[in-house]
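Asker: Each chain, written out:
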Amino acid sequence: MDAAIFDLLLRWLHFLAGMIWVGHNYSSVVQRPTYRPLCAEDLSNDDSPRFQALLHREHGVFRWASVVTWSAGLLMLWQRGTLGGALSLSGALAPIGIGMYIGTLMMLNAWFVLWPHQQKVLGLVPATISERLRCSRISHLSSRTNTMLSLPLLFFMAAGAHGGAYLFK
Amino acid sequence: RHPYDTATGTVLLGALLTVLLLALLHFVIL
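These protein sequences, in sequence, are chains S and X. Residue numbering for the first sequence follows this note's numbering, starting at 280 and increasing by one per position. Residue numbering for the second sequence follows this note's numbering, starting at 106 and increasing by one per position.
In short, the hints are calculated from the structure, not lab data. Computed from a prediction, not measured in an experiment: that's the story for all the values here. Glycine included, C-beta positions come from ideal geometry on N, C-alpha and C. Misleading hints may appear alongside valid ones.
As the list claims (entries may be wrong) - Using C-beta positions, here's what the derived DEER-type ranges look like:
1) S:Arg416 with X:Leu125: 24 to 32 Å
2) S:Ser323 with X:Asp110: 20 to 28 Å
3) S:Ala332 with X:Val124: 31 to 39 Å
Same shape as in the complex, but just chain S (with noise of 0.2 Å):
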């Protein structure tokens, strides 16, 4: 396939991928803007209707999503040849850098401290009803420093290819 054919697909997925990882988020954000902790009745009975919000919000897309969007974004570069200068922050390169290194962060955040905190508020891990309530907090901090994440991640990704890249040269 033709390089730029395979990097104008690469930058599709990218886009798309990341819209589905980042919408789940941000729509988690929109239709609970103030936190509201859980309590112990929420989690004691499986039909209450928190319980179940929650179990039905689990599905694993935006996690997945995280993974195709990382990927492509670095086999983009990768295909570039602009990985290294990426990673070492060179130059041009330095604000698509910064962006790849807070995506690798935020992905790392969603499957190392997000997911297994909620597989425990789920039920999908055993654990007493203090400790899920005690993961439920945390989840809720590691989806929350995601959002805030987002914002200078957009910002700088934007920044690498849409004339941010020239006033960093």
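Fit chain X to the given chain S structure using the hints.
Answerer: Below, chain X without anything else, positioned relative to chain S:
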């Protein structure tokens, strides 16, 4: 309350981090 407990607090922190990283890029990295 923790800034993450409201949507506004979360967005403001994100904007602040963007500015800080921009300053880091401009004055330190490049």
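Asker: Each hint needs a verdict: does it hold in this structure or not?
Answerer: Hints versus structure:
1. S:Arg416 with X:Leu125: 24 to 32 Å: For X:Leu125 against S:Arg416, whose Cβ atoms are near 26 Å apart, the range 24 to 32 Å holds.
2. S:Ser323 with X:Asp110: 20 to 28 Å: The hinted range 20 to 28 Å holds for S:Ser323 and X:Asp110, with Cβ atoms some 24 Å apart.
3. S:Ala332 with X:Val124: 31 to 39 Å: holds (36 Å)
Comparing the model with each numbered hint stated earlier shows that all of them hold.
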